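**Q** Got two chains here, each in a separate frame; can you build the complex from them with the hints?
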Amino acid sequence: MEISELLAQAANLMLTGMIGVFLFLSILIFAVKALSKFAATGQELEQPNVKKPSTKSTSTGVPAAHIAAISAAVSQFRQNN
Amino acid sequence: MEGLLNLWQATGVANLSFPALSMIAVGCGLLYLAIAKKFEPLLLVPIGFGAILTNIPVAALSEPGGLLYYVYYIGIDSGIFPLLIFMGVGALTDFSALIANPRMLLLGAAAQFGIFATLFGAILLNFIPGFEFTLQDASAIAIIGGADGPTAIFLASKLSPELLGAIAVAAYSYMALVPIIQPPIMRWLTSDEERSIAMPQLRAVSKREKILFPLMVLALTLLFLPAAAPLVGMFCLGNLMRESGVVDRLSNTAQNELINITTIFLGLAVGSKLAADQFLTVETLGILVLGALAFSIGTASGVYMAKIMNRVSSNPINPLVGAAGVSAVPMAARVVNKVGLESNPHNFLLMHAMGPNVAGVLGSAVAAGILLALVN
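Line order of the protein sequences matches chains A and B.
Just so it is clear: in the first sequence, position 25 is 924 by the numbering used here, and no numbers are missing.
Just so it is clear: in the second sequence, position 227 is 232 by the numbering used here, and no numbers are missing.
Only true hints are included.
With a straight-line Cα cutoff of 25 Å, these simulated DSS-like cross-link-like pairs (lysine-lysine) come out:
no.: 1; chain 1: A; residue 1: Lys932; chain 2: B; residue 2: Lys312
no.: 2; chain 1: B; residue 1: Lys212; chain 2: A; residue 2: Lys932
no.: 3; chain 1: B; residue 1: Lys343; chain 2: B; residue 2: Lys312
No lab work stands behind these hints, which were simulated from the structure alone.
For clarity, every value in this text was computed on a predicted model and none was experimentally measured.
If we strip away everything but chain B, and leave its shape as in the complex, we get (with noise of 0.2 Å):
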């Protein structure tokens, strides 16, 4: 009788809690969202089945000794695996139209407003009673405006680990949202005539450009912004790779099987931290509202700012390009390019909204950069 008891006390019935199985639930549905609506799937599944694994009672898969708590450990703790996933982004980007036009940095830029806003915006929750942000919080909070999954991991992991579960599920969630966010923005701070404006086509740009760039951003970073070097190093090694022609079987190897592998664990990984005690509070809920603000405000004043631009400068700009400078690469510069057809059926952005979202992606390395300077 004895035996039969121990049996069912080790049974998942008899251990199973009610925070358990809401988070349980909430990781069946990021697998909903993966499978079904294919929001972010390489990621959300992943991270929907660590949030499964990592809430089975008894098995304690993110306790010491259990599996996902080592990945964690060892991938996200460390800093490593979004950094593995940085070259490889690296590897895949092409500059080719930021070098052909680099005042598309200036959009790069003014998107990061959305990430600094919304850390303002974190410290006014803490008015409403329940939400106890530090600054750190709120930086790690905010870098979801940022609109890249690996720089938000990584802040996250080295300013508030206890909000990792949290912040990369938003950020995202967000992501995969970007056609649906983004364009009602875009159409409300534009006018139709805004939209049509074609752009100057972009001019040819030299191998050897292509080469020289990833070395002198890792120059102007080892010079004036060190605190960025893990990720803009790590992102301007698997840029040479790619352009330098020499390497191409590493450069292949960045691009497609260390990413996925990395993906796989990360997205486990980051699926562990969604336990029920860190992630059913009202703070998720808070992170949830400030990642949609980051990612809106990002949005306008990126094309605030090409608006401006489009007024001084010699050559038209559309001002839908200044939205693509959130990052989130290619999705935003697909949406920037969808926005412009409707207006202009003639008139395709994709190469033009290209520039600015690549910017999108080291403005907010940059952004990220500072907060780890100022903030740690």
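Isolated chain A (complex conformation) (with noise of 0.2 Å):
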């Protein structure tokens, strides 16, 4: 096939892939936009990025390893006052 056959084709490809590529993409713009709407009715937001803190420590209040070093301490404080 003769190169300027071919730089055509190239071409006409060049331009129907990037129109191509933004025709899907801006329908998926409007898809997100209207899921998001969707979306709002309803439903609690979760926040991207940020760690919910551990309900392990808040349920069982301090630690059984703290309380008993504490304890130890005061005490081991009462002895030697």
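**A** Okay, here's the thing in structure tokens:
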């Protein structure tokens, strides 16, 4: 095949390709916006990148090991004084 | 005496040819880049080693009956390995930044100009004697600009399997070079003021949106571009497994074990394509040049698109985030963040760059689908 003919095909492909990509992703933009509106009806929001505080320590209060260490220190202090 | 001669004939020394030796050197070079320079080591270690294995004389590992032949035949010729990796990438990808600011998809689209401009450039190279790229070859080479390894391998295996080795090596090498290739282009095309633009904080995204997003992308692919269905389909499956929250075991497997196992074999199979007669050609040189061009054009068009959007949009857009549209997740987004911080030390662009970054993954999958539909 002649190079010029190939070049014409490549140029054509470049044009259709870019139009295709833009069209597809533009449709996706509208779809995502519609999706957000749809999802906004009810549903609680979830914060991105914010770690929830670990529930372990809050549910059980101060860890048992800490209490043991503190009470040992207190009794030692009382014995010494 | 005859036995000794036969034994000599079976040694590597007697059968070693100069081209094979050079390819073993190329394999060692890739290993050096991976181990000493940390260039995409996950891929370049198996690729480099595969290149050495395939060039071992007498052993014929890449001939029918050899291990690498079957690994290639099963995994790449069929297109399965890149698709499995794409599922893992889907499971690793968080689309919140894109769902919160869907206009960023335009940046992912603009950066694909790198692909299509390079396609034209590859055909232009045919004017130089020694180059004879067909439209299929040119498309497979151009997809390097998508900065997405699995997509490049998938498309090359379908359109131009004989160039696959060079294309995969170029794609992964340039992805490792993103922090070197992109910043000068980004600085050149933007002013210091533009680079300091702070962007408004992204809104929170609900779980329902995140679950419905992959299903919606799949629906659009089904309606408008079925040729991209293998890539987009596997990507969406991985992402749905991640976001649905009900199949954590499957999602973790896709993100870790499966993607790792596949990476080992994908790398070996790509390495098996680095045979002397296919790699030591002037065309490989052309592919390396075109790959760098594709990356640069993609970066530039992303930045330009972001500049235009910044002018017309009511919300400020930092033009740097356009560079992340080439995909290469998450490297390109990190580069944007770094260059942004140079101009404004309080301006963290990482989350804003993740939007165009994941849009670039979708964009290059769509571009691959279009090329498959039109060129195949």
